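Q: For reference, the chains in residue letters:
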Amino acid sequence: MTLLVLLSISIVVATAVYLSLSRDLFRVVIGLTMLGAAINLVVFAAGRFASLTPPLLASAEDAQAAAVANPLVQALVLTAIVISFALLCFALVLGARLRAEAGNDDMRQMHAAEPVAWDTVKPPELED
Amino acid sequence: MLVLSPLLVPLFTAVVTVLLQRHQRAQQGFSIAGAAALLLCALWLMQEVSSGGRIQVALGNWPLPFAIEFVADRLSALMVVITAVLGLGVLVYQTSIAEPAGESALLHPLLHGLLAAAGGAVLTADLFNLYVWFELMLITVLGLLVVQDGFRHLDAAFKYFALNLLGTLLFLAAVAMLYGTTGQLNFSGLADAVEHPELKAVIPVYVAMLISAFLLKAAAFPLFFWLPASYHTLPAPVLALIGGLITKVGVYVLLRLMGEVFVDQPAMFYEALGWIAVATMISGVLGAAYHWDLRRILAFHIVSQIGYLLLAIALATPASGSAGVFFMVHNILAKAALFLIAGIMWRTAGHYDLRRIGGLYPARPLLAVLFLIAGFSLVGIPPSSGFWGKFLLVQESFVQGRYAWGGLALAVGVLTLYSMVKIWLEGFWKPHPQGAALTATTPRLTPAYAVVLVLALLLLVTGLYPEPLIQYTQAATAMLWQRSAP
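Protein chains in written order, with my numbering: chain S, 1 to 128; chain E, 1 to 486.
Hints may be right or wrong, so weigh each one.
Computed from the model, here is a short list of chain E residues facing chain S with C-beta under 7 angstroms [stated by the list, open to error]: (1) Glu103; (2) Ala156; (3) Leu165; (4) Trp226; (5) Thr233; (6) Ala289.
Label pairs and their calculated CB-CB ranges [as the list claims (entries may be wrong)]: (7) E:Pro63 to S:Arg23: 37 to 43 angstroms; (8) E:Phe391 to S:Arg99: 23 to 29 angstroms; (9) E:Asp264 to S:Leu3: 51 to 57 angstroms.
Coverage of chain E stretches by chain S, computed from C-beta distances (three or more under 8 angstroms per stretch; other residues unrestricted) [said to hold, decoys possible]: (10) 134 to 148; (11) 474 to 480.
Please keep in mind that the hints were generated in silico from the structure rather than gathered at the bench.
Since this is a predicted model, take the numbers as computed values, not measurements.
Don't be surprised by glycine CBs; every beta carbon is placed ideally from N, CA and C.
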């Protein structure tokens, strides 16, 4: 089980890194989101896969006796999922707007904020 | 409750300002009132912790390693006060038309969200909670970037988003692995757990991940590219708040984690941090030397000054921590003052590019004096506040035998002077390239001038009478790097 999770996390991370390094705007967004998903799996894995027993215990002594699943990581991963989903929505809208403004989705063409400095002495002037 | 006030007050203000979106006057008024209330709470908190020591709150009444804990001590109270001063200053500045920032109805809620996130990140004593505050900070800054709504703002927002998200994810991964290994998220719980001899081998790996994540957040060499790519698209008041605050919160968290939680780390980490600090100083100041746009010059100087703060962490003693915190207070004020002055210069002379403006010294002598105070503070000319910050830092590095670090820090000061002299000569001294193109009357700049005047006075007082602040920071950082001491 641990090996399987390890393998899937590494595949997702590799895919995510490949996509994030792309010049295509949407691939970058998807890549970063997949990286977030991989990290969520890491958070989930931090709680061990040893037991499937739910942590419903009558007293504190039972916790020592029975090896139960760790509920805290599930709370943590839920928080992380909510945040990364919100960021994904934001990034998709941002990407769509950027693409509409720029006319293409090539990241190397986007120099609106930082004009390319062709001259080694005189930096380009910015708007306004 | 008082400990939580730096979160609750801005969150409440943010909610109310959202409800008041349709009524701009009322929104602005309430927003300033909220910031003033935050400042009062912060000062009260500072008063309480200076007389009574640290205050802690464990939420939900859980026993301590399990509850989400918020701790106010001298260090975090100082950061909260500085945040509140900056927040109030920026909001007052915003009322003048120095640069109306487009005045989107979402501006005030986002600014207060940012203040709440900074307050939370400073006060929390729980690693996962810290992650949440950093995400809130990321989201509010992205919001502030995109409410400007132009191609370059969107472009800047995307670059900011991509690189900062990478840092946050790295941070989250480190948190997960630390939790998986130690079973702790609470700072003091973690500090006890990582001293277990069996964990000596693995903990530094996770700590290295944490350090990398915060170096990215703090804009350290070679991870600072998101900062000069995005900051300069913001309007001056927002830029002053973000540029003054965000990266410093990253450094503050790094200081707290390294000094209080992961105390006993390999010496290699500190060696690396020191050289990263020096590289950050040099690359930032050289980037600034190339540029002619006021905002870009100052944005690169943020990077350069982060180097000094990282040097304080690399030296890793209570004395260096104290010097670092003193430098941080001075730097937040000086940086914000310079950005706000840049806003007034833009309004008065018509452009941010130094090649297009000039003649401000005869036209606006008061502005020139204010610029000199803030600029000299940034450089560290005695008797300014920057002098004491740099003096304490360089002294500590010489005491520790780190002559290269201290010497390079001094050399970078000279290059900082070059940038400030460039702004002075081009913006203030030379005549305006288009003759008398200065705006003859600049109405309603009074609040802007008032805010800059207050910041400059704070800088002057800190410079001329640094003893109370030095004593405070020494008391605040006395507990750093003490755990491993025999």
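Q: Work down the list of hints and note, for each, if the structure agrees.
A: Evaluated hints:
1. Glu103: 16 angstroms, violated
2. Ala156: 4 angstroms, holds
3. Leu165: Holds: closest Cβ of chain S sits about 5 angstroms from E:Leu165, inside 7 angstroms.
4. Trp226: Given a least distance of 11 angstroms, the restraint on E:Trp226 is violated.
5. Thr233: 5 angstroms, holds
6. Ala289: 11 angstroms, violated
7. E:Pro63 to S:Arg23: 37 to 43 angstroms: 52 angstroms, violated
8. E:Phe391 to S:Arg99: 23 to 29 angstroms: Given about 51 angstroms between the Cβ atoms, the range is violated.
9. E:Asp264 to S:Leu3: 51 to 57 angstroms: With a Cβ separation near 33 angstroms, E:Asp264 and S:Leu3 fall outside 51 to 57 angstroms, so the hint is violated.
10. 134 to 148: holds (count 5)
11. 474 to 480: violated (count 0)
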